[in-house]
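Trainee: Okay, here's what each chain looks like letter by letter:
Number of protein chains: 6
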Amino acid sequence: MSKRIDEFKKERERLNEAILDRDNRNIQRFFALDGAVYREGALSAKTKELLGLVGSLVLRCDDCITYHLAQVKEAGVTDEEFDEAISIGLVVGGSITIPHIRRAYQTWKELSK
Amino acid sequence: MSKRIDEFKKERERLNEAILDRDNRNIQRFFALDGAVYREGALSAKTKELLGLVGSLVLRCDDCITYHLAQVKEAGVTDEEFDEAISIGLVVGGSITIPHIRRAYQTWKELSK
Amino acid sequence: MSKRIDEFKKERERLNEAILDRDNRNIQRFFALDGAVYREGALSAKTKELLGLVGSLVLRCDDCITYHLAQVKEAGVTDEEFDEAISIGLVVGGSITIPHIRRAYQTWKELSK
Amino acid sequence: MSKRIDEFKKERERLNEAILDRDNRNIQRFFALDGAVYREGALSAKTKELLGLVGSLVLRCDDCITYHLAQVKEAGVTDEEFDEAISIGLVVGGSITIPHIRRAYQTWKELSK
Amino acid sequence: MSKRIDEFKKERERLNEAILDRDNRNIQRFFALDGAVYREGALSAKTKELLGLVGSLVLRCDDCITYHLAQVKEAGVTDEEFDEAISIGLVVGGSITIPHIRRAYQTWKELSK
Amino acid sequence: MSKRIDEFKKERERLNEAILDRDNRNIQRFFALDGAVYREGALSAKTKELLGLVGSLVLRCDDCITYHLAQVKEAGVTDEEFDEAISIGLVVGGSITIPHIRRAYQTWKELSK
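Protein chains in written order, with this note's numbering: chain A, -6 to 106; chain B, -6 to 106; chain C, -6 to 106; chain D, -6 to 106; chain E, -6 to 106; chain F, -6 to 106.
Just to be clear, a hint being listed does not mean it is correct.
Chain copies aren't distinguished; within one or between two, either way the pair holds.
Claimed, not checked - With a straight-line cut-off of 25 Å between C-alpha atoms, the simulated DSS-like cross-links for lysine-lysine are: (1) Lys(-4) / Lys106; (2) Lys66 / Lys3; (3) Lys39 / Lys3.
No wet-lab data here; the hints were simulated from the structure.
Model the full structure from these sequences, guided by the hints.
Mentor: Below, the structure written as structure tokens:
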């Protein structure tokens, strides 16, 4: 994985721990649930991460997109599958998703090295 | 399919035709593209419709949700797969998606008859 | 103007007055400002109403769209101009604007009678 | 409470139960969490319901607004407090919240009878 | 207050003045109104700033969040109250608010020094 | 044009080409359509770029705003017209657009040199 994305993931982890250390039970429950919904089930983990990716894209959340890109890459999503998922997000969410798509392709390229 | 959803689809079709009759080339191109991105490719049509469903749910578009629900049902999505896709949309988009989820479960029930 | 849109405008007026009767100065100031920004100035009232229309479309607010449609119609916007403004909103905001565009074309048709 | 709002609450309850009957553990956990965050704590239940109301207003979710309006009414929120909370939502979220504010004032009036 | 937040506030002030210098009366009126709705009234300034914070969080506006965090800190909001307000925003707005919550906790920590 | 905006446009172009090189036909079609809707027609290119600007502002997309600002500047939009278009976006979209408006005025100033 590229250095930038590796650092992104470490920083993300560090900040999540800082939040969870606050010992707010409801926030902890949300974080646990946020992990649980992406676990392999009737739908594969790969499909679920793609759902998380497209959801993040249409809501235009760069950090969420970067995270799910790393996950779908690990799940074995190919370039063609990536293109197709992105094109759905683009058509659903419109041209305002394009700046995020530019950054998503940058991240995908780094993840593909 | 239930009568309500059948009527929804016919009304949707009728209105789309009214728009396309206006002969605005750019709007026609968008509608063509909106069909094209969901076609079977590297990702299955089933996965693509699920992506459209979750994108529609987090953006809280009831008509879009109803349409994609009919599509995923036809694509053979099971109850468990439906539950899992919805739960991702719920966690990504938050409690403001819940009224749409209530209506989605109603529609799903009608589609399942 | 069609009966439905005439009733929409009357109901809108009635409810606005109920809100303004509450004598909350800040809400009154907002309503006054909401009228002021659309007044003829360096940009024409027609252009301003089109800006309000496209803003309302990409934010997917049906009541706002209906209101601005009546305004742009009165300002003399033609069918071709309407089509072009809508196509910008569609491309910027994506396919989730389509259900609102269907309703906008219905309203436009009623306004054109 | 008005008949309309009473029916809204019953229908909401009925549909929530239909969703929870599906026995999807993650959706059940989200619903439980959605109840938990509004419980009296360091912040009063009244303040929390006002936070839910303004969050729902700026995200323009009518069903969520109706629900929180019933809750803040029960928590003893006065007309002036209601006006002030709404005016914050209006300024933060802009004129596209106005159709929802119109409906909120209708609901508030029904709740006040 | 931390140096970063102090600079944020100064830069914000400087840019606001640049906008207001343009002498556009409607923009000036909006800015005045944006100040007015948070002033102590039937609801306390503290409650109002919390409403502004949660509104900003669910709409995912980092600059707005930073601003309201400084305000709620000054209004004497405790760590527990902060946690509870954030947890409502998280549940209402979903996991896409999490990157903003990470940054909010960073800012809160700096404000608490 | 200022150096920063010139670099923004070059980087934007470079990234668009990287995306289009991927040879995903649907994404290419969207990009072509995104160019087509702003072309001079029944509405002038100037009006269309203003529509794109206000749409981008209420959806709070900084890159989109910067792009359309360069376009409206080239189309001969004056300071007063710019102020009026921004004030519509501000009223429609609310105070959460203000951070984007601050940046828009910065960009406008650079474009005006």
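Trainee: Indicate which option fits the pair Lys(-4), Lys106 if close means a Cα-Cα distance not exceeding 25 Å: within, between, both or neither.
Mentor: Intra 11 Å, inter 32 Å, cutoff 25 Å: intra-copy only.
Trainee: Between copies, within a copy, both or neither: which fits Lys66 and Lys3 at Cα up to 25 Å?
Mentor: Classified as within; 17 Å inside a copy, 29 Å across copies.
Trainee: Given identical chains, is Lys39 near Lys3, meaning Cα to Cα at most 25 Å, within a copy, between copies, both, or neither?
Mentor: Only inside one copy: Lys39 and Lys3 sit 22 Å apart there, 34 Å across copies, limit 25 Å.
The structure meets every hint from the earlier list without exception.
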